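Enquirer: Residue numbers (the working numbering), protein chains in the order written: chain A, 1 to 415; chain B, 1001 to 1386.
No lab work stands behind these hints, which were simulated from the structure alone. Careful: at least some of the hints might be erroneous.
Listed below are several chain A residues computed to face chain B (Cβ distance under 7 Å; list not exhaustive) [unchecked claim]:
1) GLY29
2) GLY59
3) TYR102
4) ALA104
5) GLY106
6) HIS124
7) MET130
8) LYS131
9) GLY143
10) PHE162
11) GLU217
12) GLY223
13) ALA254
14) ASN256
15) TYR380
Okay, the calculated bits of chain B under chain A, using three or more residues with CB under 8 Å as the criterion [to be verified]:
16) 1091–1100
17) 1109–1122
18) 1126–1134
19) 1247–1255
20) 1377–1386
Since the structure is predicted, the reported quantities are computational estimates derived from the model, not experimental observations. Here a beta-carbon is modelled for each residue, glycine too, at the ideal position from N, C-alpha and C.
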Amino acid sequence: MEPDANLEVAAMVARPEAPIPGAPWIWNGYSLAERERRWRVLRQRAQEATLDCLFVPLGDGTDARYFTQLTHAAVVLPIDDRPPIVVADYPQRNEWVPEPRYAAGGWGESMIDALIEAGMERAHIGVAGMKAGLITFSRSADGSVNHAAFAEVQRRLPNARFSDATDIVGLVRWVKSAEEWTYARRAVAIAEAGIEEIAELARPGMDGDHLYAAAMERMLALGCEHPGMAMEIGPLGEASNHRVTNPPVGKQLAENDYVLVEVNAIWGAQGTQEEQHFVLGQIPDRFKAAEDLLREVFEATSALIKPGNTVGELIEFTNTYAGRQGGKSGLVTRSMLKGGGYGEDGPRVSPMNRADHLPESLRELRFEPGAFVVWKPDVYAEDMAGALSWGGAMCVTDEGAEFLGKRPLRLISFA
Amino acid sequence: MRAEAAAAGFDCVFLPVCLDRHSFPPSQDRGNGSRSDSRYLTQLEGVSLVLPTDGHTPTAIGERIGPTRWITEVRSVSRSGISDSWAGPMAKALLEAGMERGRIGVVGLQPGRLAHTSASDGVVNHTAYAGARAQLPRATFDDATDIVGAARYVKGDEEIACLRRAASTAAAVIQTLVGVARPGVPEAALYARGMRRLLELGSEYFPLTLQAEPLGRLRYRHRNPQLGRTLGSGWVIEAEVNAVWGGQVAQEGQSIVLGPPPEPYRTAAAIQREVFAKVLDCLTPGRDLADLGERISGLGEQRHGLQPSIRLQSAGYGDDGPRLSSAGPFEPLSGLRLEPNTVWVCQIGVQGADGRLQLSWGTSLLVTERGPAQFVNREPELFSIE
Chain A
1 MEPDANLEVA AMVARPEAPI PGAPWIWNGY SLAERERRWR VLRQRAQEAT LDCLFVPLGD
61 GTDARYFTQL THAAVVLPID DRPPIVVADY PQRNEWVPEP RYAAGGWGES MIDALIEAGM
121 ERAHIGVAGM KAGLITFSRS ADGSVNHAAF AEVQRRLPNA RFSDATDIVG LVRWVKSAEE
181 WTYARRAVAI AEAGIEEIAE LARPGMDGDH LYAAAMERML ALGCEHPGMA MEIGPLGEAS
241 NHRVTNPPVG KQLAENDYVL VEVNAIWGAQ GTQEEQHFVL GQIPDRFKAA EDLLREVFEA
301 TSALIKPGNT VGELIEFTNT YAGRQGGKSG LVTRSMLKGG GYGEDGPRVS PMNRADHLPE
361 SLRELRFEPG AFVVWKPDVY AEDMAGALSW GGAMCVTDEG AEFLGKRPLR LISFA
Chain B
1001 MRAEAAAAGF DCVFLPVCLD RHSFPPSQDR GNGSRSDSRY LTQLEGVSLV LPTDGHTPTA
1061 IGERIGPTRW ITEVRSVSRS GISDSWAGPM AKALLEAGME RGRIGVVGLQ PGRLAHTSAS
1121 DGVVNHTAYA GARAQLPRAT FDDATDIVGA ARYVKGDEEI ACLRRAASTA AAVIQTLVGV
1181 ARPGVPEAAL YARGMRRLLE LGSEYFPLTL QAEPLGRLRY RHRNPQLGRT LGSGWVIEAE
1241 VNAVWGGQVA QEGQSIVLGP PPEPYRTAAA IQREVFAKVL DCLTPGRDLA DLGERISGLG
1301 EQRHGLQPSI RLQSAGYGDD GPRLSSAGPF EPLSGLRLEP NTVWVCQIGV QGADGRLQLS
1361 WGTSLLVTER GPAQFVNREP ELFSIE
């Protein structure tokens, strides 16, 4: 099911006048049913963990958006049926949270008031974003909680018990509803439009900044929220040390360049990352062999990403795949696993990680039906001076992971 | 900066790891500024730094970090599947620098007058900072946000050159928007074209801020493209363009009317011109900023039923200060001076009594020994596309 463009248009036409001049508008198109689903599952998981509430403090903007569709909020969600207490920046509000409290000055005081009003002075409080999680903040070892505001909360609620609840929230966020999947699929389509733009324009002589800018324009014109792109441009077969996440200033494409792009697109607060490589010339035989192997391993591993199987099993299978096929003349298969969504960057395993070196919680994490992963295995060889990779958003199903992109998975060549 | 920190009684300046703007996106300014000290002090993204005031070599702590021309001593935070905490490596670097009983000046703990001005609770990551602090129970930790802020406030020649280029890029984007904005154009296409121009000119990604609505309707502010909206005749578009070069952010702003502007809008534009000229007259190097605030407040008096407003904010790596508004308050700025080689974003707004008439214009200014100078030759005017 694709998001209905007519509904999007109608929503924008019918939106209320701004409450004050210049009020920020944040996309908030999820239904009230989606709100109820999220809050219900979050409450249930928090209850199972013997928490009295979930608390999203200042700093954890991504969880705040998941709970409220507001980008700057703090939330106290009791495990009973009481509505959450939301603190927000004036004048942010939406259908999900029509009457938030507005923070005045520092947020510590407002968050304390919210917790006390919810009866949490002596409670067990689960704090989202305190540290790295399996799904969320997997690259932020220490999470994303603002010190000054949270330290004040801890000081003023000395009898409350604060526990990390990053994974309680993260594991809920990992599994998408049908509504969320419609937006995720649209995000993939937008990312692929960006890739398509690069495929149309990337030729020797093209200015790198212009190529970058054109792809971004294409995605933005489709309504993409905060698009992003990592890019490497360098001679084929030479190690690139010029990975950029902004325009590649001073780079001009040349004959036989190898161009790697990772395109990030967000739609409806669902983000993906799609990887595509290009050669501005003939594909050498070595890379053709890598392509064949990557196609094999992508197919085999996609089938493995299904409920019941663990991340460790997937990584072990992928990393040993080439070896099991007889070595493949020095070609090595590796893993690149991420998450997809609004700031869900896990479960994260990078090509340098071995399965037996992963933390146990990550190694033993089982795929769940409806979970969103970004899967981009690669084929590496020293004489290729890098790795060939492709892939992107996958939906975990009982039959294995479904690749959501429509593009053929291949190394694109402009000979 | 070392001398200032030593004079304030600090044994070192400590920049802990700060919140990632992708997870801390409250306002663009705040988000953009959260890790700005890292870039200012090291030219690296999102690192922690221990800078002893006695002249010893500073140590940077970060992920995937290696020595650079600026920073030769580095300590890595390991990443294996799930990242390890920064608390240990930060504490170790402080201990190695002899800070076990030291007085440590922490950057970003609170909002400052000269940096992180809009971050009401500072920008420091709780888990990492609290963890590091617990490992140095005999040390004293105090806020030092404005010690780094003071250094950031006055620009070097290289920084000014970057800001000049950024301002020129922002002005070019405004030209593009003026060229594209027409009735019938989807707002998202206008947004996308403006961003394309920004990136083509090599700016780092910084979202364009657009407000577009029919005349007389209160406008939302968008920092992303909006589908389902098509520009119409009689719409007012307000664009705030931030461009980044060398990490430095300059801003230019412009209002555009699609169609003949009604008389009150022409009057508003004339007020903008008059007020801007007077603001320039006030920007005398050496002036106390509280005094400057009082003067610009005097320019904000209502005329012809329209209320002008003036905002001045230091420009730099993001969420810079000082920040002045004609609405005040000015007392907190007392003691700060308008220094030569400072760069400011000046925004002149005019609003009708009910908020339905709203025009804004802005530009980036360099204050020199001789007075203010614009980076780009623009003056307040209302672009009307008929």
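Enquirer: A separate judgement is required for each hint: does it hold in the structure or not?
Expert: Okay, the hints, checked on the actual structure:
Annotation: GLY29 of chain A was flagged as interfacial toward chain B, and the flag is violated, the nearest CB pair being 10 Å apart, outside 7 Å. Because the beta carbon of GLY59 of chain A sits about 5 Å from the nearest beta carbon in chain B, less than 7 Å, this interface hint is met. Using the Cβ-Cβ criterion of 7 Å, the hint placing TYR102 of chain A at the interface with chain B is not satisfied: the shortest such distance is roughly 12 Å. The interface hint given for ALA104 of chain A is violated, since its Cβ lies 9 Å from the closest Cβ of chain B, which is over the 7 Å cut-off.
Given hint, GLY106 of chain A at the interface with chain B, holds; its Cβ is 5 Å from that chain's nearest Cβ, closer than 7 Å. For HIS124 of chain A, the suggested interface contact is broken, since its CB lies about 19 Å from the closest CB of chain B, more than 7 Å. For the restraint placing MET130 of chain A at the interface with chain B, the shortest Cβ-Cβ distance is roughly 6 Å, inside the 7 Å limit, so the hint holds. Taken as an interface hint, LYS131 of chain A checks out: its beta carbon lies about 5 Å from the nearest beta carbon of chain B, inside 7 Å.
With its C-beta approaching chain B no nearer than about 5 Å, GLY143 of chain A sits inside the 7 Å limit, and its interface hint holds. For PHE162 of chain A, the interface hint is violated, since its Cβ never comes within 7 Å of a Cβ in chain B; the closest pair sits about 11 Å apart. With a least beta-carbon distance of about 4 Å to chain B, the hint placing GLU217 of chain A at the interface is held under the 7 Å criterion. The criterion of a C-beta within 7 Å of any C-beta in chain B is met by GLY223 of chain A, whose closest approach is roughly 4 Å, and the hint holds.
Contact between ALA254 of chain A and chain B, as hinted, is not supported at the beta carbon level, the nearest pair being about 19 Å apart and thus beyond 7 Å. The interface hint given for ASN256 of chain A is broken, as the beta carbon of that residue sits about 25 Å from the closest beta carbon of chain B, more than 7 Å. For the restraint placing TYR380 of chain A at the interface with chain B, the shortest Cβ-Cβ distance is roughly 18 Å, beyond the 7 Å limit, so the hint is violated. Three residues within the 8 Å Cβ limit are the bar, and the stretch 1091–1100 of chain B against chain A gives 0, so the coverage statement is violated.
Closer than 8 Å: that is the beta-carbon criterion, and the stretch 1109–1122 of chain B has 5 residues meeting it against chain A, so the requirement of 3 holds. Using a Cβ-Cβ cut-off of 8 Å, 6 residues of the stretch 1126–1134 of chain B lie near chain A, which meets the minimum of three, so the contact claim holds. Coverage of the stretch 1247–1255 of chain B by chain A is violated. Counting CB-CB distances below 8 Å, 0 residues qualify, and the rule asks for three or more. With 0 residues having a beta carbon nearer than 8 Å to a beta carbon of chain A, the stretch 1377–1386 of chain B misses the requirement of three or more and the stated coverage is violated.
Hint compliance for this structure: hints 1, 3, 4, 6, 10, 13, 14, 15, 16, 19 and 20 are broken, all remaining hints hold.
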